[in-house]
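Asks: Use the sequences and the hints to build the structure in full.
Taking the numbering used here, I'd label the letters of the sequence shown as residues 1 to 416.
Think of the hints as simulated: they come from the structure by calculation, not from any bench.
Don't be surprised by glycine CBs; every beta carbon is placed ideally from N, CA and C.
Hints are supplied without guarantee of correctness; some may be wrong.
Below, a list of computed lysine-lysine pairs in the DSBU-like style, where the Cα atoms sit at most 30 Å apart [stated by the list, open to error]: (1) Lys-211 to Lys-335; (2) Lys-344 to Lys-211; (3) Lys-344 to Lys-277; (4) Lys-100 to Lys-39.
Label pairs and their calculated CB-CB ranges [what the hints assert, rightly or not]: (5) Gly-196 to Ser-238: 39 to 47 Å; (6) Tyr-320 to Asn-287: 54 to 62 Å; (7) Ser-394 to Asn-122: 19 to 27 Å; (8) Asp-411 to Ile-267: 18 to 26 Å; (9) Arg-291 to Gly-322: 42 to 50 Å; (10) Val-376 to Leu-194: 40 to 48 Å.
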Amino acid sequence: NTIIGGMLTSTNRFIDDAHLDFLNTDAYTGGIDLTQYWKDKKYYLKMNLAVSHIQGDSTAIIEQQSSSRRYFQRPDNNYNTFDSSRTSLTGQAGTIEFGKQGYSKWRWLFWLTWRSPEFETNDVGFLHHSDAIFQVFWAGYRFTEPFSIFRSMQININQWTGWDFGLNNNFYGGNVNANMEFKNYWQFGGGINLDGGSTSNTLLRGGPSIKYPGTSNYWLSIGTDSRKKIQLASEASSNYGFENSSKNSYFGISLVYRPLNALRIAIAPGISYANDKLQYFTTEEYNNEDRYIFATIDQVTTNVTLRIDYTITPEFTIQYYGSPFISAVDYYDPKYITNPTANKFEDRFSTDVSFSGDDFENGYDFNFRQFRSNLVARWEYRPGSLIYLVWTQSKTGSVATGDFSFIDDMDGLFNL
1 NTIIGGMLTS TNRFIDDAHL DFLNTDAYTG GIDLTQYWKD KKYYLKMNLA VSHIQGDSTA
61 IIEQQSSSRR YFQRPDNNYN TFDSSRTSLT GQAGTIEFGK QGYSKWRWLF WLTWRSPEFE
121 TNDVGFLHHS DAIFQVFWAG YRFTEPFSIF RSMQININQW TGWDFGLNNN FYGGNVNANM
181 EFKNYWQFGG GINLDGGSTS NTLLRGGPSI KYPGTSNYWL SIGTDSRKKI QLASEASSNY
241 GFENSSKNSY FGISLVYRPL NALRIAIAPG ISYANDKLQY FTTEEYNNED RYIFATIDQV
301 TTNVTLRIDY TITPEFTIQY YGSPFISAVD YYDPKYITNP TANKFEDRFS TDVSFSGDDF
361 ENGYDFNFRQ FRSNLVARWE YRPGSLIYLV WTQSKTGSVA TGDFSFIDDM DGLFNL
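Replies: And the structure:
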């Protein structure tokens with residue numbers, strides 16, 4: 001019922017060339033974790049704490065302070081100091097989780113995690129960002145006995161909020177969702193999200209923090225009996241930004257066919273549409289000040305995923321995966337940030353901007369096309385011992401159009 005663990009790592013580089021001074025010379029991390037169960041593991045407490053220390057030439061520590069994980073140089077960052085003479089950073093992070101699990105109808109958890117601004121683990125692991133405190137509460141109720149037209153059902157509620165280490169509230173929100181299986185073995189799920197207005201410390205890429213409107217989001221999914229030879233499923237979602245700031249939608253379907261017990265064929269096409277009034281574009285100097293250039297972006301993305309699994313014998317199998325992917329991006333309506341914390345969304349930017357460089361309407365749009373596939377032959381010639389052969393290929397290209405045309409884009413993709 002009590003589990004304790006720990007881990008230590010180190011990275012040590014011996015750098016003799018000045019052009020490598022941007023790398024940390026030494027990076028150390030250490031962590032401990034504790035898990036405690038009560039009442040036949042119905043209740044649990046999980047905790048972990050980690051500490052990191054990096055050091056190197058001032059060039060390396062400048063790189064760390066100004067990276068997108070921190071942006072110490074932000075002009076409104078009043079709780080961190082950018083110091084070009086520093087040669088080390090020391091940070092800490094942790095998580096506390098307490099909840100009820102198991103076979104109870106009611107289950108819940110409370111979760112708090114944090115990463116201090118100087119915390120850094122990318123020399124041996126992966127860290128997307130630091131300077132974050134994130135809290136979640138979740139509760140779910142399960143109907144485990146069949147009733148009415150349902151075989152089972154689960155209803156969930158979630159609440160979350162986040163801060164930086166200056167205790168600025170960066171985001172908050174919640175959702176309600178439900179998943180159910182009918183007595184005919186069909187499945188249905190759906191949910192609604194509401195996110196309040198957020199504050200981003202990273203959207204201006206080292207500039208001041210900027211407010212962004214909240215969003216509402218819904219999603220639905222439905223699937224047929226998974227025991228049948230033919231299965232169909234579909235899902236749809238939409239996300240709407242308040243103050244007409246953004247709109248995103250997605251629709252996808254999937255078809256699974258099992259003509260034989262040994263053969264499974266699945267195809268899943270999907271398409272998404274996205275519009276965002278504030279897509280970061282670049283930063284330019286204007287009157288000895290940084291000007292943050294944004295644009296409205298329209299993006300259409302589609303992909304088709306094909307999977308074939310064939311079991312020739314219990315020991316010998318073949319799997320194929322192939323997925324064409326197309327995305328068309330159209331930039332227009334350039335603008336620059338004037339008051340990033342204004343109360344109204346439209347007061348945070350000005351469209352009175354002459355953009356330097358090529359014609360904005362025609363010079364930056366593009367269509368990205370890619371096809372990825374692989375084929376795996378796998379032979380387990382005796383239990384636990386494998387030989388496998390993998391063939392893989394990727395074709396990638398782009399053109400400067402920005403107009404989505406499925407036929408033209410697919411033709412261009414396969415002409416690669």
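Asks: The structure should be examined with respect to each hint, and the outcome stated for every one.
Replies: A quick look at each hint next to the structure:
1. With a C-alpha separation of about 16 Å, the suggested pair Lys-211 and Lys-335 falls inside the 30 Å cut-off, and the hint holds.
2. The suggested pairing of Lys-344 with Lys-211 holds, with an alpha-carbon distance near 9 Å, which does not exceed 30 Å.
3. About 14 Å separates the Cα atoms of Lys-344 and Lys-277, which keeps this hinted pair within 30 Å; it holds.
4. For the hint pairing Lys-100 with Lys-39, the CA-to-CA distance comes to about 10 Å; that is within 30 Å, so the pair holds.
5. The beta-carbon spacing between Gly-196 and Ser-238, approximately 18 Å, falls outside the hinted interval of 39 to 47 Å.
6. Between Tyr-320 and Asn-287 the Cβ separation comes to about 58 Å, which falls inside the hinted range of 54 to 62 Å.
7. Judged by the Cβ atoms, the range 19 to 27 Å given for Ser-394 and Asn-122 holds: they are separated by roughly 26 Å.
8. Roughly 20 Å separates the CB atoms of Asp-411 and Ile-267, a value that falls within the hinted 18 to 26 Å.
9. Between Arg-291 and Gly-322 the C-beta distance comes to about 44 Å, which sits within the given range of 42 to 50 Å.
10. Against the hinted window of 40 to 48 Å, the Cβ-Cβ separation of Val-376 and Leu-194 comes to about 43 Å, which satisfies the hint.
Hint 5 from the earlier list is the only one contradicted by this structure; the remaining hints agree with it.
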